[in-house]
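Asker: So the chains spell out like this:
There are 2 protein chains.
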Amino acid sequence: MTGIEEVLSEAGQRVTPSASERERIEGLAKRMLAKVQAEVQRAGLDAEVRLDGSVAKDTWVSGEADIDIFMRVPASIPREDLGEICLKVARKTVEGYPQRERFAEHPYLEAWVDGIRVNIVPCYKTKKGEWKSSTDRTPFHTDYANERLTDQTRREVRLLKRFMKGVGVYGAEIKTAGFSGYLCEVLTLKYGSFRNVTHSAAEKWTRNSVIDVEGHYRGREDELPRLFDSPLITIDPIDRGRNLTASLSPDRLEEFKLACRCFLLNPSLSFFFPPKRAPYSVEEIGHKMTEHGTSILFMLFESEEVVPDIMWGQLYRTQRSLVNALQQNDFLVVRAAAWSDEKRRHCLVFELESSGLAATRRYVGPSLDRIRENRNFLDKHLNSPRRVSGPWIQHGRWAFQEKREFADARSLLQDLALRQGSKAGIGRILEASFKKGLEIFRNEDILGYYSENPEFAAFLSQYLDGRPIWLD
Amino acid sequence: MTGIEEVLSEAGQRVTPSASERERIEGLAKRMLAKVQAEVQRAGLDAEVRLDGSVAKDTWVSGEADIDIFMRVPASIPREDLGEICLKVARKTVEGYPQRERFAEHPYLEAWVDGIRVNIVPCYKTKKGEWKSSTDRTPFHTDYANERLTDQTRREVRLLKRFMKGVGVYGAEIKTAGFSGYLCEVLTLKYGSFRNVTHSAAEKWTRNSVIDVEGHYRGREDELPRLFDSPLITIDPIDRGRNLTASLSPDRLEEFKLACRCFLLNPSLSFFFPPKRAPYSVEEIGHKMTEHGTSILFMLFESEEVVPDIMWGQLYRTQRSLVNALQQNDFLVVRAAAWSDEKRRHCLVFELESSGLAATRRYVGPSLDRIRENRNFLDKHLNSPRRVSGPWIQHGRWAFQEKREFADARSLLQDLALRQGSKAGIGRILEASFKKGLEIFRNEDILGYYSENPEFAAFLSQYLDGRPIWLD
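Taken in order, these protein sequences are the chains called A and B. The first sequence maps to residues -18 to 453 in this note's numbering. The second sequence maps to residues -18 to 453 in this note's numbering.
The hints are simulated quantities; they were obtained by calculation from the structure and are not laboratory data. Predicted model, so just to flag it, every value in this text is computed and none were measured. There's no promise every hint is true.
No distinction is drawn between identical chains; accordingly, a pair holds when it is met within one copy or between any pair of copies.
To be verified - Simulated pairs of lysine-lysine, BS3-like, Cα-Cα distance not exceeding 27 Å:
id	residue 1	residue 2
1	171	185
2	384	269
3	324	108
4	73	324
5	404	156
6	108	11
7	384	361
Please work from the sequences and hints to get the whole structure.
Answerer: Put into structure tokens, the structure is as follows:
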């Protein structure tokens, strides 16, 4: 008994909403629901409006409620009109409040009302299993959870959500690629309690673990790895064809498992409520970069305001393409990261062992017993204007020394960003933004930007420290 | 008929000694033989003195005769005395001429008499097959060749030797690790002519080719790769237990095969008599190094005068150890080379993509499902004073960024040379010489030394050009 009971008791109290918070949130939810209903009627839209998500399920974490209002429209409305028609109505209902479009398979509206996030989400009113879009399942998720959750398990869900937030793995959106709220509910229903979830994650989840609460595949679990290719398989209770952990990043999963292990070894409230790390001062971050001794390249650019999930998708895809190109050109990539203020400012970060390579590199031919291939190899390289030395024989092969196309990583990134563009796997939005203005900074060059952007400073501080906060 | 007959006819004339050269060499050989015999008698040594080697076999290349005089002593003389006793006698016979000790399994004497190299080599007078040292076979080689060679095949041997010298693969000593003179004779006896040797080498020699003139293993050739581990197996006609190509370097073998291919495609006298390449001027070599864009480190040192074969053995062994150490510390080694004036001055050359690395490097742990190994990995690295960042999770493993022990290749080489010494695989003679004075130069730092040492300049010019001269 190293205090795990005490930790859970204290955390349990802090995640459970008080009567007054409950009253405030539920009151706002009711008012917003009525408002959307009125607006739907006024527009003559045939839509069922209902409250869904964690407030409907009473599983929100104290202080962090989101209100999700779903507009279920008939399947007869064409898919391409769904967003536009419903968003128009939705926008009216939150007129005067800060709002922006977001995206999860199709667009929805996010607004901030009295300090609470309100999502207004269109979907189709379908029968179970006849989904037209993936959000069509949400009302069924709500009903499923409400039929099974108890006061006790609702508390466990809240603990699990807060723990996942604390260790940085909560959130199914592209940016995080972590665990969704519904997944937390399913895990809790499966294992019965927060402690059991953490215990299973820490000790029992292996490469092909399957979570199948409703037993859709009972007795046939070994077929599942062929059906679903992911490091953890979680069958949606209301849809046997859907793996709830398909978009969970393998690194997020591992982080969760490790955090669970550490928590069970050394339980502490800080897993749930981690102390904020102060960002490094400008001087400290400069020192930290010097200490790294690496070349950190920052690609800074601005875009028109874009739906965040689309932007994150492009940022990550572009980052992967650029890492591949850097590696193909012999740069040793230590790590890469992406940052966005989710409005206009974005940054791709590439940490390299060194941003400069030797001006030349060695080209090694095929095995010498392949006579024809060697003749081609020699013909090509003997006449190359880039040749500076060779050929000589080394370990049974011809070798040449030739000038590199890119000995400097910054030039390579510039070429990829500004000349090759989408051919090099750069996302369309980024391609356009790069052309309007791309700055590539190296190490200390970033310090000015760092001092002017606290959000970026927090990101870069965490990046350079590297350690998950729960290891402190 | 692209002139191969003409080329061979012209080369044949040039490699064959004239009557006057023959008279001069054979006369000197006789006189030296008599001198050694007289000195042996005077010393009361029980030794049979005889002429061996290419002059005895009439296979020397015009203008390049060496005179080999063998002193065959009874097997009763202890091995450790053989060198000393015989060398004392040998030294007397060439008193007043430049001379130095050399080494091939045991010591022998090399002297220069009237511009001709004379080797006086002690060995045991044994029966065939009862060898006490490997030079005991030489008289049997002489007799074997003389029984079988004709005027015609002697000319073919001369062509082969000169071709091998021209393309740089002749010489069995450690420095070259190429083809011996006796091997040229065996190859000629096997294939009948120079053209057949080149044709077989170019088109037919594969990984496990066997040359077994006397058919010692007839019908059992497939057993040979298990008995002899080498890329070409040549059974000594007079000793079935000996592979004459055991010490042939795989790169020399490949160079010979490629040179044969090129010669047959494009026959030319320059394979036999390559034009001398002039070394680069100091300005040109500086330009060439800049063009390479690499970091070339030169370890310069001096030693007491040492038997060349022993020195080359230590130079190559040390070079390999240092290359391994550089690679283990993440330096990308393009090439390494060794130079020696075979007296006191020596140099090890290491060409690196870069002699400086990032101050830190990434350490990646075991797969995360290995719980115990990961705990050890974390314990070790979390507490390391070299840690600058991490751990973070990357591709299913923990990763740390830590300071390198050696980010600069010169410091690493200095540490290996001066502190670790023989523990790091550095030869004893080099270890002692390093302590007396080791200079490590990088790129242009070498230019002063270059301009003062024409022999070194020729070596470095060939190194930086890289191409075999027969590819010009």
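Asker: Could you figure out if residue 73 and residue 324 sit no more than 27 Å apart (CA to CA) within one copy, between two copies, both or neither?
Answerer: within (22 Å within a copy, 94 Å between copies)
Asker: Could you figure out if residue 384 and residue 269 sit no more than 27 Å apart (CA to CA) within one copy, between two copies, both or neither?
Answerer: Cα proximity of residue 384 and residue 269: across copies only (12 Å, versus 34 Å in one copy).
Asker: With identical chains treated as interchangeable, where does the CA-CA distance between residue 384 and residue 361 reach 27 Å or less: within a copy, between copies, both, or neither?
Answerer: within (14 Å within a copy, 41 Å between copies)
Asker: How do residue 108 and residue 11 come out at 27 Å by Cα distance, when the copy is not named: within, between, both, or neither?
Answerer: within (26 Å within a copy, 112 Å between copies)
Asker: 27 Å Cα cut-off: does residue 171 pair with residue 185 within a copy, between copies, both or neither?
Answerer: Within one copy only: 14 Å inside, 70 Å across.
Asker: At 27 Å max between alpha carbons, let me know whether residue 404 reaches residue 156 within a copy, between copies, both or neither.
Answerer: within (24 Å within a copy, 51 Å between copies)
Asker: Given a CA cutoff of 27 Å, do residue 324 and residue 108 count as a within-copy pair, a between-copy pair, both, or neither?
Answerer: Neither. Shortest intra-copy (37 Å) and inter-copy (93 Å) distances fail the 27 Å Cα cut-off.
Checked against the numbered hints given earlier, this structure breaks only hint 3.
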